[in-house]
Amino acid sequence: MRKKLIWFALLCSTVFGALLATNSASQAAEKTYTIGTDITYAPFDFQGANGQYTGIDIDLIKAIAKAENIKIQLKPVGFNAAVQAVEANQMDGVIAGMTITNERKQQFDFSDPYYYAGEVMAVTKDSKIKSFKDLRGKHVALKVGTQGAAYAKSIQKKYGFTITEFDQSNDMYNDVVTGNSAAAFEDYPVMAYGIQNGIDLKIVTKPAAGGNYAFAVKKGENPELLTKFNKGLKTLKKNGQYDKIIAKYLGKDSVAKATATAKKQDNSLWGLVKQNHSALLSGLLQTLYLTVISIILATILGVIFGLMQVVPAKWANWTSSTLIYIFRGMPLLVLALFIYIGVPNLTGNKISAFIAGIITLTLNEGAYTAAFVSGGIRAVDRGQMEAARSLGLPYGKAMWRVILPQGVKIMIPSFINQFIITLKDTSILSVIGILELTQTGKIIIARNLQGFKVWTIVAIMYIVIITLLTWLSKAVERRINK
Amino acid sequence: MSAAENNRVIVTDLVKNYGSNEVLKGLNLTVKNNEVVCMIGPSGSGKSTFLRCLNKLEDPTKGKIVIDGYDISDSKTNMNKVREGIGMVFQHFNLFPNLTVLENVMLAPVELKKADKAVAEKEARALLVDVGLAEKADAYPASLSGGQEQRVAIARALAMHPDIMLFDEPTSALDPEMVGDVLDVMKKLAKQGMTMIVVTHEMGFAKEVADRVVFMADGHIMEEGNPQQIFDHPENPRTQEFLRKVLNA
Ligand SMILES: Nc1ncnc2c1ncn2[C@@H]1O[C@H](COP(=O)(O)OP(=O)(O)O)[C@@H](O)[C@H]1O
Ligand SMILES: [Mg+2]
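Just so you know, the protein sequences line up as chains A and B, in that order. Per the numbering used here, the first sequence runs over residues 1 to 482. Per the numbering used here, the second sequence runs over residues 1 to 249.
Source of the hints: derived by calculation from the structure; they are not laboratory data. Because the structure is a prediction, the values reported are computed rather than measured. Using N, Cα and C, we set each Cβ at its ideal position, and we do this for glycine too. Keep in mind that the hints are not guaranteed to be accurate.
Unchecked claim - Taking lysine to aspartate or glutamate and the DMTMM-like style, the derived pairs with C-alpha atoms no more than 25 Å apart in a straight line are:
(1) A/Lys397 with B/Asp116
(2) B/Lys62 with A/Glu386
(3) A/Lys397 with B/Glu235
(4) A/Lys314 with B/Asp74
Unchecked claim - Just so you have them, the derived chain A footprint on chain B, three or more residues with Cβ under 8 Å:
(5) 91-98
(6) 104-113
(7) 153-166
From just these sequences and the hints, can you work out the full model?
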């Protein structure tokens, strides 16, 4: 038995080791820069109707990479995740409509600015609000970490309004459209583009407190990348490509074209499924991968920790209790961000969001599993262990042949429950930019603004797979209990 | 066999505390080969604790216990080996519900490589014949009566070929009509010369089978002697009082 435990532990560490190794091995190959972008920041970063990411930022960085002959890999993970990933050395640079500010200069080195934009306030079409003065006592929606949010906060005292902050532009707009908030603050081109593409708001102020958008790298890191960006930007401005890119998204023609496409779209539930089926399917697959891998690893880890709680060895009990306490106590969201962003800061090694996600789920679900595994073992009558030991069976053999088979039966309902929780918990990993089902939903909504219908589709998909998983687990349970 | 080798169990000044509660207060007892010792005494006097110290299901606090020449109070002694030589039968049987009757009996010999599977199975079936349950080999414990379960438990303990058998009130949890079958098995075992320590309230059994009867109270051995001495001429007032109560009940 003790040997089997050691094998389990070895297996676990090998799996983790291999995951980490493949990851660091890819770093050693010819330098490819990973660049984080926003996902819901049209016309700078957004998903086009064909599912490809597009926008001024995307076109610009691609053109510059081509001109300067550098390899880049774009990671559309959202503004916050991208900025934090660069801070944590998880990515090399970020281009996401990011305004140069003194505060940000503490953490980042900026390129030459590539776009100038001012902040505007938008309200519903029938709103009576005409200026900042009308905001007194009202509620304002902002997007976390944006220049618009900073500007609104700078005038908040003076005009006396309260604020709510959102992660996604679309959620911010919707909060105003539904009337929860009276106004939203956003960069002018972004707001204007959104309104042209069907957001039911109007702009009521002149662009103010303008800022320069620039490409950013972590302070002191990748200086050559910054130099190349600046050089490339100059080239594009000189040869007219820069103007072409801007015109493609903000010119008169583009607006008409976008409006036409928006009108043509079939926004029925079934129409949305048809348009997005490949994105939804790949999101679903990612969710299933995360679930299956995490369930397997969490079960192994949970059984090991659970056994460590009941074996007659104080250090093992203590270690296991402490680890369970920590990983059960930490909110999954915090754990995910800590592992993805915090750990690379400590160790200097990058980990992919997917692996960070697997580790997060394994630790959290493993801690819960450990708790009911040790509970199940303790629920087996004490006389069973005594009878087994009185025959001369060593502790491990007694545990393996007598206690565990009885304990497992007690644990099965908890296992099934935990599998379902794991599946649902994968949705939280959208914060670190993993393109699972929930994140896929967010991105689709950012493009088509059909929040209610898309969330309905996503919810149905979750219910269906949870039902399947439950059936499967119950079938296994019946088998074991036979 | 010399006199010393003739002793299967030698207990010297055994003390057992649970926290500040002293449960065994310095016991001395020697059990010879082939001897059947019955322990009687009021509930809570420490009989179970004493038995459980002999195979170290409980760790003695003080004192020395030597079993078949192994000093088990020494922490270096391999207890698993010693336990193989001591069979134990519990009040509540403690059969393994996840295994069939046959598997219950075979588990330890096979796991501990005392015999290969075929031999172990043959022996196990023979033991089940001895306890009168040959036809229950493939049943699960849940489908047996208490008396049947206890006889399987005895067969399970015997499968390791122990030199000593410990019984902790083996018939106390049984319906009266089941008691006889279990006692018959134990009598047969005693006749075959098994060394046995039996905690019991079956005074009839003790009178008939015991070579020696030990009366325990309050963590002390109050009195010991052959059945006639203890049952017909008890000297200690506590023994007299106890016997008056149980025999008039
Ligand atoms: N695990 C334990 N922890 C604390 N006290 C115990 C434990 N086991 C037994 N005792 C106490 O030891 C005393 C003797 O118990 P026991 O040996 O079971 O007596 P008997 O078998 O003679 O009825 C009782 O007072 C009982 O409460
Ligand atoms: Mg007792």
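Tell me, which hint numbers fail for this structure?
Those not satisfied come down to hint 3.
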